[in-house]
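Peer 1: Construct the entire structure; sequences and hints are all you get.
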Amino acid sequence: MPEDDFYTPTDVDALRMENELLAFEVSFLKARLSGTGKLLGSSHNSLSRVSHMEEAEQDMILLLRRLGSSPLAPLLRWRGNFRTLEERYLNTPEGQGSAERVAHLEAAEKDLVLLLQRLVRPPFGPLFRRRKSIRTLEERYL
Amino acid sequence: MGRVLASHKIDVRPVFYAGRYANRVRDAGLPGDYTVLDEWKVMPLALAGVLDEATVLVVLDMLSFPFEALDGNQWDVPLVVLLPTQLEPEVLDGMFGSPLFSRLGFFDRVATTDARLWDHLSRKYRWTASQYLWVEAVEPGAAALEIQSRLEKEDEVPTLFGGEGYEAIRYWKERGDALARTVPHRAICSVHHDLGFNKAMHRRQAAALEPQFAAARGVRADDVPFDVLEVGTGIGRWAATFDPLTDRFTGLDVSEGMVDAARTNFPEASFEHLGDDLLFPYEDESFDLVFTATVLHHNSTSAKRTLLSEMWRVTKPGGRLTFLEDFVAGAQSESSTVYPMSVLDFVDLVLETAAGRVTLEHVESIRYPQDDLARAGLISLAKLGTPRKW
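Protein chains in written order, with our numbering: chain A, 1 to 142; chain B, 1 to 390.
Please keep in mind that the hints were generated in silico from the structure rather than gathered at the bench. Do not take every clue at face value.
[Stated by the list, open to error] 25 Å max Cα-Cα, derived DSS-like pairs, lysine-lysine:
id, chain 1, residue 1, chain 2, residue 2
1, A, Lys30, B, Lys383
2, A, Lys132, A, Lys110
3, B, Lys316, A, Lys110
4, B, Lys383, A, Lys110
[Unchecked claim] If we take Cβ atoms under 8 Å as the criterion, some of the chain A residues that face chain B in the derived model are:
id, residue
5, Met17
6, Glu18
7, Glu20
8, Leu21
9, Leu22
10, Glu25
11, Phe28
12, Gly80
13, Arg83
14, Thr84
15, Glu86
16, Arg88
17, Thr92
From a predicted model like this one, the values you see are computed outputs, not experimental measurements. Using N, Cα and C, we set each Cβ at its ideal position, and we do this for glycine too.
Peer 2: What follows is the structure, encoded as structure tokens:
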């Protein structure tokens, strides 16, 4: 390779900072890829994690349907966050690639935890807790 | 109070495409050594050579210019287009909507004698007041002289603000107030470089930011607004990225001049002045997305800490915090306004401010077209926690 093809560093500090930035980006990408790989891999742990998240998604769909058909539905739908959850899990068609599917499942699990945390709080918490299904979900995810 | 210490003449090399009017434009006697192209000089190879050297391309004869032939990098040259007056707005829109009007961005300008035509097209394509270049002359030669004179004046820009030494709030107030009054479209990115440099930077930033904006928006019910806050909004260039029908964009800036210009540019969005204490005038958990674009790196660590703390406070749990900042120190100069901070130090600062209650969603390094090194980075975080209110 001719000599003038080499880049001559003039600012060591800038190079160090660029190196840190690129290394940080690479470590993020590696972590994301290995996370996705593990989730989509064939190991027992990965499969159980995926099945747990799929279960959470199913629970989320059932819970939203139940809440959406309850007498409290108009009150719940008055809040934008509830309408967003309905849009996200009841009205959006699937058809996602594997990476998007994993992201969707992870989001479903997080959203279910947040929804349950809201439901079991006052003022309606005691009312919801009278339902065995809510107590089961609470046990399972909280 | 500091003052503008000096001005800096940027090397401006506008190229005028006069097409069928080339003789008339040459006869008009543009002062200086300007390149005037006729309709034979826009064959791809010839045009590429000319655009490589141009800082602005002024198109005086839109009807004969091959906009479809411009490739990706050639769109980085800022455009000034003179709208033809002989066509109805609907006809003009039908001819140029897709190849030109929808591609004109914040760094391009539209020159016209017809305010009604400007109103019609600017509403449809969300062009801003800073993009409007009103000209008196209908005749292309005289219009070329008017545009050349405006460009010449605009590029004699002040570049040093805030008196001796660099103090961020004072500097950005003075810079914003001065530029918003005189050359608002220059008050973006780097004032020391020409518009082409800044337009190319903006394109690269947009390619990184827009997917993150979409990810933050996610799937929402149609009637649930997406609340967005930009800190250090300037004249509001990122507001154009959000749909006012579904998104509620709010911008904060320390310069009142900038805030006024942003309100003129985007009347449907909301812009507020940020006080010297850097405390945001919003309740906790008010926004789904809070972001900065090349703002924090101009501030000291203590100011960064205050801004990060406020950004975290007003973000809804589950919402996104996105930062596009320089994490690589550039060559230092007397006019430098950057406090170098490496990405690892920045992440430590964020974790400390948020007490670890964030998850990392995206990291991306950014190298601008003119740079040898990757200079900027985009970091997107999700705020953990349970919303206090439904």
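Peer 1: Hint by hint, say whether it matches the structure.
Peer 2: Right, here's what the structure says about each hint:
{"no.": "1", "hint": "A:Lys30 <-> B:Lys383", "verdict": "holds, 22 Å"}
{"no.": "2", "hint": "A:Lys132 <-> A:Lys110", "verdict": "holds, 22 Å"}
{"no.": "3", "hint": "B:Lys316 <-> A:Lys110", "verdict": "holds, 14 Å"}
{"no.": "4", "hint": "B:Lys383 <-> A:Lys110", "verdict": "holds, 12 Å"}
{"no.": "5", "hint": "Met17", "verdict": "holds, 4 Å"}
{"no.": "6", "hint": "Glu18", "verdict": "holds, 5 Å"}
{"no.": "7", "hint": "Glu20", "verdict": "holds, 5 Å"}
{"no.": "8", "hint": "Leu21", "verdict": "holds, 5 Å"}
{"no.": "9", "hint": "Leu22", "verdict": "holds, 6 Å"}
{"no.": "10", "hint": "Glu25", "verdict": "holds, 5 Å"}
{"no.": "11", "hint": "Phe28", "verdict": "holds, 4 Å"}
{"no.": "12", "hint": "Gly80", "verdict": "holds, 4 Å"}
{"no.": "13", "hint": "Arg83", "verdict": "holds, 4 Å"}
{"no.": "14", "hint": "Thr84", "verdict": "holds, 5 Å"}
{"no.": "15", "hint": "Glu86", "verdict": "holds, 7 Å"}
{"no.": "16", "hint": "Arg88", "verdict": "holds, 4 Å"}
{"no.": "17", "hint": "Thr92", "verdict": "holds, 5 Å"}
Every hint, counting from the list given before, is met by this structure.
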